[in-house]
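Colleague: As given, the protein sequences belong to chains A and B, one line each in that order. Letter 19 of the first sequence, counting from 1, is numbered 19 in the working numbering, and no numbers are missing. Letter 352 of the second sequence, counting from 1, is numbered 352 in the working numbering, and no numbers are missing.
In short, the hints are calculated from the structure, not lab data. If you're wondering where the values come from, they're calculated on a predicted model, not measured in any experiment. Any given hint could be a false lead.
[Stated by the list, open to error] Here chain A is said to cover these stretches of chain B; the calculated rule only asks that three of the stretch's residues, wherever they fall, bring their Cβ under 8 Å from a Cβ of chain A:
{"no.": "1", "stretch": "108-114"}
{"no.": "2", "stretch": "122-128"}
{"no.": "3", "stretch": "230-242"}
Here a beta-carbon is modelled for each residue, glycine too, at the ideal position from N, C-alpha and C.
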Amino acid sequence: MTRAVDDKHTFMTRIFVGALVAMAVILGMTLWTVNAARTAADNAGDKVSEFYLEELAGRRSQAMAELIVTEFKQMERAISLMAPEDLASQESLRTFIGRVETLCDLDLFAVVDEDDVVYARYATYMGGSRYDFLQEGRELTDRLVSTTSLYGANKQICLAVPIADRVFMGKNLKACFVQVDIDDIISTLTFNDEDGGETSCCIYYKNGENLAQMGFGPIGASENILNALKGHLDVNEWRRLQENFERGGRGEVRFTYEGATETLYYAPVEDTNWMLAVLISDSLIRDQIRDVSDDVLAQSTIQIMVTLAVLLIYFGGLLIRMRRISNTMLEEEREHSRHAGERAERSEQELGVVKEIAYRDALTGVKSKYAYTEEEPAIEESMRDGSIGELGILVCDVNNLKYVNDTFGHSAGDEYIRTACKLVCDLYDHSPVFRIGGDEFVVILRGEDYIHRHEILAELNRIVEENNQRGEVVVAAGMAEYEPGDMRLHDVFYRADKRMYDRKAQLKELAGENPRTWAPR
Amino acid sequence: MVRRLAFMSHERAIEYNKGKAQSGKGMSPVRAITVRASLAFAILLALVVPMWNGGTRTLAQSETGTDGAKADAAGAESAQDVQEAVNFDHELDGYVPKKDHYNVYLTYKIVHPWWDAVALGMEDAQRQFLDRGVTVTYEYLAPEAASAEDQKQRLLEAAQGPYDVIGVDVADEEVISPVLDELIAEGKKVMTFSSSDAAEGCKRIAYVGNTHNYEDGAQLTEALCKKLDYQGKVAILVGTKGAPCHEDRARGAMDTIAQYEDMEVVEVEYDDDSSARAFELTRHILDNHEDLAGFICCNMSNPVGAARAVVRSNREVVIVGMDHDREALRFLDEGVIYCLGVQDCYSIGFDTLQTAVKIADGVKPGKLYSETINESTTIIYQDDAKLMREVLYGDIP
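Same shape as in the complex, but just chain A (with noise of 0.2 Å):
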C-alpha cells in the first residue's frame, strides 16, 4: 500500500515538474523571440531612418536648388517682359513689380538702380547698407545668391540677376532680386509627422554658420553646426565631417547630444555654397517601427501568456484532480481494507462459533469428540518434544444405555446420558471431559485431578457400585497414565480403554442376573 502511495506521488511531481519546465522553455523562447524580433525592428528601422534620411535630404536639397533656379528664371523672366511702358514712372513700375509678385508669388520682388535705390512695390529705399550683393565695390554680373541679416528679423536669401539697358527715371536699372524668408523655406522643408516629432531640416554655410534663424534639432539657433558637434563626435569623424562640409560633398553622420541619439544627414544645395541638412532623431523612425512591432510582440506575448495561464491551469486542475482521484482511490482501498478486516474478523468470530458448537457436545455441554481430535495433536507434540509433564486418560463407558433406549426411548436414553456426564464431570472438576461416542466418556487428567487421579477414581467406583445396586445409572472406567515411550495419545488411551473394559466385566459380575436398572423418574 505505501510503495503503490509513494509512486503514485512521485508520478504526480513528475508530471509537475514537467509541466514547469514545458512552460519555462515556451516563456524562455518566447523572450528570446522577443528581443530578436525587437533587434531586427532596430536594424530595420536603421537601415528604413538611411534610406529615408538620404532621400529625404536628398529630395529637399533638390527642391531647394530648384526653388532657386524657378526664383532666378521667374526674374529673368519678368525683365524680359519689363516694357518701357513699365518704366514711365514710379507708378508704372510698382504696378509693374506688384504684378510680377502677383504672377510668381514673391514675397518681395524689386529693381535696384545705379545708385543703389531699390524699388519696390510698396517703398522706394537704399539698398547700400541693407543687401550684400549692393555692398561698395561689389559688381553683379551674373546670377547671385546671397543672403542678408536684418535687424530683428529673420535672415533672407537674396536671388539677384542683373538688369541691362534698362532705364528708369534717367538712371540704368542694374539689378533686380527677390527676397525670401529662409526660415520660411525651411519651415516648409521641415517635416512634421502626425505624433509631432519632427525631422528638422536647416541650412548651413559650408564653414558651419547656420543661415536661418531657426534651431536645428537640439542644435541652436545660433549655433555653427561644425562647433556644435565637436564634442560629440569621433574626431576624424568630425575632421571628415568639416571636410565634406567645406568640399560640398554629401554624407551621414549620427551622434548623441543631450542623450538623444540622432542622425544627421548633408547635402549641398547646387550652385550655392550652402549646404542642407537634415537631423532625425533615432528614435523617430526606430520608435515607430519598434511600436508596430513591440503591439505585434505584445499580442504575441499575449497570447503566449495566456496560453501559458491556461496549460497552469490545465496542469494543475488535472494535478488537484490526480490528487483527489488517488486520494479517493487511497481512501477506498483503506475503507476496503477496514471492511476486509471486519470481514475477517466477523469469520473468525464465526468460526470461533462454529468451532464452539463443533467442539461443544449438544447432549451433554462438555467436549465433543472433535475437540478431542482437536487436543490430540498438541498433546502429541508436546510427548515427542518430551514436554509433557504428567498426563492421565480416563476412559468412560455408560453401561445398559442400549437396554433403557430400547425400554424407555431415546429421550430417557439422553437422559441417562446426561445423568452419567454430570457424575463424572463432578467428580473431574479440574479436567476437560470429552464425549467421544453415544455412552463413552475421556477425560484428560492434568493438576489436581492427575494428583488425586486414584482417590477419584476410587470415589467413581464406588459410587456406580452402590449405583449398581440401586439400580442408578452405572459407568464404567478404566484410567491410565502417559508413560515414557508413549508417542501417541492413543497408546494412553488404548490401555485406559482396555482397563475401562475390565472394569466393565467386573461390574457385571457385581450386578448378577437379575440387576436392578436405570428407569425414568
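Dock chain B against the given chain A, drawing on the hints supplied.
Modeller: What follows is chain B alone, placed relative to chain A:
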C-alpha cells in the same frame, strides 16, 4: 517676417522638445512643469510689465570680474529690459484712415544700417495698413554722405512730388528747419522723425524719435566717468556736424565731464557717420594722447571705429557709444566697448509711418497722436550683449 528672435528660438526649442517627448519617451513631469512655468512666467511678464514711454534707461551694470551674485542678479534684471529695448511687437492703433492710398516721402541723413533698422519698422506698419485695405507707398532715401544741402535739395524736390506727407531726419537743424517752415507755409504736410528733430520753433507738424539725445550723451558719459573713477582724459567722437542728435549727445557728454574736476575732454572729432573715419580719428587721438582714458561716441559709427582702433593699439581705453551696430555689439560682448545706448529704431519706423497717415489726413497733434512721439534708449553692458545680439541679429557665436 520680423520677429523677436530670442523668443522665437526659445519657442522652437520648446516645440522641438515637445515633439520629441511626444514621439518617443515622453516629457518628464519635472520638465513639463518647468516648461509650463516658463511659459506662464513669460505671459505674466508680458501682462504686467508696463509700456515704456520713452526716455533713457540704464540697465543694472555688472562688470566682468565682479562678484558672481551681483552679476547674476544684474543679468536677471536686465534680460527683460534687453528684450524690450527694441519693441518688435507693434500693432496699428484704432485710427481709421480717410483714404485707401497714401504716398509718403521720407529722407534721412546718410545711407547707414541704423536707418535700415528704422525702415523695417516702417515696412511692418505698411504691411499692417495693407492688411486693413490701405495702401501706403513711400520713398525712404538718403545720400551716401551726410549733407544738409543734399537733404535740403531732396526736400525741395519732394515738395514738387505727389506726396501726402514729407518726413525728414534733420541733418542740420539750422539748414533744414527754415526749409521745413517754407514747406509748411506752402501747405505741405511735414514731419520729422528718427534721431533728430528740427530746431525749436520750427513749424513741422510732429516728430517721432529720440527726444533725449542730450540725456543719452550725459548718461553714457556718466557711466564712463564712474568706470574711470571720475578722473582722466577723454575724447568725444561725434557723427555729422550740425546733426541735432549727435550734437545734443556731445553736449550732454561735455556737460557731464565738466562736472568732474579730474576729468578733461581733450579732443572732439566728427566722423561724418563713417566707421572708417572714426577708426582713423581714434588712431590719431590715441597717438596724440598716450594717457587717454576714454572715448565717448555719439553715433552708431563712432564706437565701431573707436573699438577697432583701440583693439589695434592694444591699449586699455574705456569706450561708451551709441546704437546697435552688429560689430559694436560684438565689441561690447568682448569687453572692448564698455556700454552702448540702444535706440528703439523699429518703433521709430513703425510710429513714423502710422503718424504720417494721420498727418496726411489732416489730423493735428492732440488726442490721436502727440506732437512729439518719444522713443526709448536703453543703455546695455557686456552682460547684456549676447542677448541683444540674439534679439537683433540672432547671431551668438
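Colleague: For which of the previously enumerated hints does the structure constitute a violation, in increasing order of number?
Modeller: Checked against the structure, the only hint that fails is number 3, while the rest are satisfied.
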